[in-house]
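Starting from the structure of chain A, add chain B where the hints point.
Protein sequences appear in the order of chains A and B. Counting in my numbering, the first sequence runs from 1 upward without gaps. Counting in my numbering, the second sequence runs from 1 upward without gaps.
Note that these hints are calculated values from the structure, not bench results. Just so you know, these numbers come straight off a predicted model, no measurement behind them. Wrong hints could be hidden among the right ones.
Where chains are identical, the list cannot tell them apart; a pair therefore holds if satisfied intra-copy or between any two copies.
Pairs of lysine-lysine, PhoX-like flavour, derived with a Cα cap of 25 Å [as the list claims (entries may be wrong)]:
no.: 1; residue 1: Lys101; residue 2: Lys246
no.: 2; residue 1: Lys65; residue 2: Lys7
no.: 3; residue 1: Lys65; residue 2: Lys101
no.: 4; residue 1: Lys295; residue 2: Lys70
no.: 5; residue 1: Lys197; residue 2: Lys146
no.: 6; residue 1: Lys257; residue 2: Lys58
no.: 7; residue 1: Lys101; residue 2: Lys70
no.: 8; residue 1: Lys299; residue 2: Lys7
no.: 9; residue 1: Lys269; residue 2: Lys246
no.: 10; residue 1: Lys251; residue 2: Lys65
no.: 11; residue 1: Lys295; residue 2: Lys269
no.: 12; residue 1: Lys257; residue 2: Lys303
no.: 13; residue 1: Lys257; residue 2: Lys299
no.: 14; residue 1: Lys7; residue 2: Lys19
no.: 15; residue 1: Lys246; residue 2: Lys19
no.: 16; residue 1: Lys246; residue 2: Lys146
no.: 17; residue 1: Lys70; residue 2: Lys303
no.: 18; residue 1: Lys197; residue 2: Lys101
no.: 19; residue 1: Lys70; residue 2: Lys249
no.: 20; residue 1: Lys257; residue 2: Lys269
no.: 21; residue 1: Lys101; residue 2: Lys249
no.: 22; residue 1: Lys58; residue 2: Lys197
no.: 23; residue 1: Lys251; residue 2: Lys19
no.: 24; residue 1: Lys7; residue 2: Lys146
2 protein chains.
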Amino acid sequence: MARHIGKQSMEFGKNISIKATASTVGTKEGEGPLREYFDVVLQDNLLGQESWEKAESKIASDNIKLAINKANLSPQEIDYIVTGDLLNQCCGSTFGVRGLKIPFFGVFGACSTMGEAMSLCAILVESGGAGNTVAGASSHFCSAEKQFRFPMDLGTQRTPTATWTVTGDGAAVIAEGSEHPFIRGITTGKIVDMGIKDANNMGAAMAPAAADAIYAHLQDFGRTPDYYDYIVTGDLGYVGKELLLKLLKEKGYDISKNHIDCGIEIFDKDLQDTHSGGSGCACSAVTFAGMLYYKLRRKMINKILFVPTGALMSPTSIQQGESIAGIAHCVDIENEGVSV
Amino acid sequence: MARHIGKQSMEFGKNISIKATASTVGTKEGEGPLREYFDVVLQDNLLGQESWEKAESKIASDNIKLAINKANLSPQEIDYIVTGDLLNQCCGSTFGVRGLKIPFFGVFGACSTMGEAMSLCAILVESGGAGNTVAGASSHFCSAEKQFRFPMDLGTQRTPTATWTVTGDGAAVIAEGSEHPFIRGITTGKIVDMGIKDANNMGAAMAPAAADAIYAHLQDFGRTPDYYDYIVTGDLGYVGKELLLKLLKEKGYDISKNHIDCGIEIFDKDLQDTHSGGSGCACSAVTFAGMLYYKLRRKMINKILFVPTGALMSPTSIQQGESIAGIAHCVDIENEGVSV
Chain A
1 MARHIGKQSM EFGKNISIKA TASTVGTKEG EGPLREYFDV VLQDNLLGQE
51 SWEKAESKIA SDNIKLAINK ANLSPQEIDY IVTGDLLNQC CGSTFGVRGL
101 KIPFFGVFGA CSTMGEAMSL CAILVESGGA GNTVAGASSH FCSAEKQFRF
151 PMDLGTQRTP TATWTVTGDG AAVIAEGSEH PFIRGITTGK IVDMGIKDAN
201 NMGAAMAPAA ADAIYAHLQD FGRTPDYYDY IVTGDLGYVG KELLLKLLKE
251 KGYDISKNHI DCGIEIFDKD LQDTHSGGSG CACSAVTFAG MLYYKLRRKM
301 INKILFVPTG ALMSPTSIQQ GESIAGIAHC VDIENEGVSV
Chain B
1 MARHIGKQSM EFGKNISIKA TASTVGTKEG EGPLREYFDV VLQDNLLGQE
51 SWEKAESKIA SDNIKLAINK ANLSPQEIDY IVTGDLLNQC CGSTFGVRGL
101 KIPFFGVFGA CSTMGEAMSL CAILVESGGA GNTVAGASSH FCSAEKQFRF
151 PMDLGTQRTP TATWTVTGDG AAVIAEGSEH PFIRGITTGK IVDMGIKDAN
201 NMGAAMAPAA ADAIYAHLQD FGRTPDYYDY IVTGDLGYVG KELLLKLLKE
251 KGYDISKNHI DCGIEIFDKD LQDTHSGGSG CACSAVTFAG MLYYKLRRKM
301 INKILFVPTG ALMSPTSIQQ GESIAGIAHC VDIENEGVSV
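Isolated chain A, as found in the complex (with noise of 0.2 Å):
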């Protein structure tokens, strides 16, 4: 039975294992400093597809079974799949699961989808009613581009504050088990919007919400930062790491010692030159999939908080002249299970 703790946060009371994971990426993140930790790396980012939506899709589709196989699982032993990414009505996640044939939850938190659909699959699983759970998340640099920003073919100049989207998608199989790293808790992020309005500045429109989750985080748990041997946010960027460090240190806490960004890590900031770093659903999603849970399976770290961090933006709300709300779900994943 999961137990509800402070104001925010959950904590689990089975031993909620995260089995396998698998990370699909572009070509440009494989050449990036994380490259030996990813399971396929593309060489060709249209994957012999028409579109880069429906290379998408299929990134996903053929991730997601990689996950269900090194979990030495059949799509047919998944009990729930629960997806999301960036495109319009999310169709990246819809027509990449549509083969699988697994119930599924669709879920939207823009690049914070990692955390929630890892959230969801944890209180599945924690309830019972779940035995193998996956949670993923895909993003492609060219299909968020054309739906966010400007024609590929336009070639737009990028902003310093731009960050990368990165192509991939990251999936972790998630069930009640005895092999670690295990989901001990989460803490769910609320709506913060600060006002910000440049769709080429997230990095600052989502530090605020990764502020206000992980500082609701530590104090549900009564923790202080150097419980972890990572705090690692989704895709701040250079832009959004020195906010949020900023706003953490104002409410008491220094997490300069170990936080790192998956936006920052998943490329070589002299050699890749993508301005403020990576983002979208998959940054964080691969970062995990990938780097961290090797980390976390040799016991090289053995805890870490998650927190990927999404920026609620759509051209549908920037026409209507809304701002860009952030979000940030928080996600401790440790070696050591529960005792039970």
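Frame of chain A; chain B shown alone:
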């Protein structure tokens, strides 16, 4: 503790009470056969806002607050809110719940959203980690037409198979408790795609998914259709209803005696001329929060299988030449609780 049942269902071990509901609808819905069951009928579908999208968010926000209020709670006492809508990147929901400062899981299930949200709230409560939760879904005729079909100003003629997107928001407060009705079980849908490509014939796209989910539910729980007072689909309309009855008859179930469809119930066929009926996330959400909840509370009916149906279509996917995939989620709602 919940129990996984059959192939794709879950039975709850707790008394998961639907403590209160609220429904707000637009002017046309307020002239329909269900008008007396709605809490609020708008006099102005713009609600004093500058755009249909902003109006949709305001309707969602106001209606969610009303549901919380009707449950004698304050927003601070709600642990999780799970909502969704049809707009790109679910921005109707995002800006609808922004001011509430409640931990938020955004979902996308197209018009099946209310079924998905209620399922996830029930699982949250069952897990033990959540006290009070809110499930909700919204849609707006004008924002939906503009996004999925044609600009309003064109005055495009509608086809006979077209349905009318319901303007409104339905919300339900779900928590452990002794007040009927209770969510007793769920059957979560798989994506079913029969290759329909006509955005004006969503009934045909969704009927196979509804048939698949209802069949799985009856099989998993070992029930016959007469177990329920009503089997209530979301928004198949006249065209989809006929197809659903035919598909289930082929599989050995005759649900013609107790099947109703929210899309058929909400508008008057002769007086309101919506062609194939109503649709949209709000269609099933307000029909449940209005008429069905009213009848359940007063024990005029005691068992319903609530099956919101979604057409997972998107202008983005249609531009890729994709068909309209369908999904449906069954929620078993009964006045008799679990013996605990």
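Tested hints:
1. Taking the shortest Cα distances, Lys101 and Lys246 sit within 25 Å of each other only across copies (22 Å), while inside one copy they are farther apart (46 Å).
2. In this assembly of identical chains, Lys65 and Lys7 lie within 25 Å of each other by CA distance solely across copies; the values are 19 Å between and 37 Å within a copy.
3. Proximity of Lys65 to Lys101 under the C-alpha cut-off of 25 Å is restricted to the intra-copy arrangement: shortest distance 12 Å within a copy versus 37 Å between copies.
4. Proximity of Lys295 to Lys70 under the C-alpha cut-off of 25 Å is restricted to the intra-copy arrangement: shortest distance 17 Å within a copy versus 49 Å between copies.
5. In the homo-oligomer, the alpha carbons of Lys197 and Lys146 lie at most 25 Å apart both inside one protomer (18 Å) and across protomers (23 Å), since each shortest distance falls under that limit.
6. For the identical chains of this complex, Lys257 and Lys58 are neighbours neither inside a copy (39 Å) nor across copies (42 Å), given an alpha-carbon limit of 25 Å.
7. In this homomeric assembly, Lys101 and Lys70 come within 25 Å of each other (Cα to Cα) only inside a single copy, at 19 Å, whereas the closest approach across copies is 39 Å.
8. Neither within a single protomer nor between protomers do Lys299 and Lys7 lie at most 25 Å apart by alpha-carbon distance, with minima of 31 Å and 36 Å respectively.
9. With identical chains, the CA atoms of Lys269 and Lys246 are at most 25 Å apart within one copy only, with a shortest distance of 22 Å there and 60 Å across copies.
10. For the identical chains of this complex, Lys251 and Lys65 are neighbours neither inside a copy (43 Å) nor across copies (30 Å), given an alpha-carbon limit of 25 Å.
11. Within a single copy, Lys295 and Lys269 get their C-alpha atoms as close as 22 Å, which meets the 25 Å cut-off; across copies the closest is 62 Å, which misses it.
12. Within a single copy, Lys257 and Lys303 get their C-alpha atoms as close as 14 Å, which meets the 25 Å cut-off; across copies the closest is 56 Å, which misses it.
13. In this assembly of identical chains, the alpha carbons of Lys257 and Lys299 lie at most 25 Å apart only when taken from the same copy (19 Å versus 60 Å across copies).
14. In this homomeric assembly, Lys7 and Lys19 come within 25 Å of each other (Cα to Cα) only across copies, at 22 Å, whereas the closest approach inside a single copy is 30 Å.
15. In this assembly of identical chains, the alpha carbons of Lys246 and Lys19 never lie at most 25 Å apart, being 36 Å within a copy and 42 Å across copies at closest.
16. For the identical chains of this complex, Lys246 and Lys146 are neighbours neither inside a copy (33 Å) nor across copies (42 Å), given an alpha-carbon limit of 25 Å.
17. Taking identical chains as interchangeable, the C-alpha atoms of Lys70 and Lys303 lie at most 25 Å apart only when both belong to the same chain, with a minimum of 23 Å there against 42 Å between chains.
18. Taking the closest pair of Cα atoms, Lys197 and Lys101 come within 25 Å of each other only across two copies (20 Å); inside a single copy the shortest separation is 40 Å, beyond that limit.
19. Taking the closest pair of Cα atoms, Lys70 and Lys249 never come within 25 Å of each other, the shortest separation being 41 Å inside a single copy and 40 Å across copies.
20. In this assembly of identical chains, the alpha carbons of Lys257 and Lys269 lie at most 25 Å apart only when taken from the same copy (20 Å versus 66 Å across copies).
21. In this assembly of identical chains, the alpha carbons of Lys101 and Lys249 lie at most 25 Å apart only when taken from different copies (22 Å versus 47 Å within one copy).
22. Taking the shortest alpha-carbon separations for Lys58 and Lys197, only the inter-copy value of 20 Å comes in at or below 25 Å, while the best intra-copy value is 32 Å.
23. Proximity of Lys251 and Lys19 under a CA criterion of 25 Å is satisfied in neither setting, with 36 Å inside one chain copy and 37 Å between copies.
24. For the identical chains of this complex, Lys7 and Lys146 are neighbours neither inside a copy (39 Å) nor across copies (40 Å), given an alpha-carbon limit of 25 Å.
The structure shown violates the earlier hints numbered 6, 8, 10, 15, 16, 19, 23 and 24.
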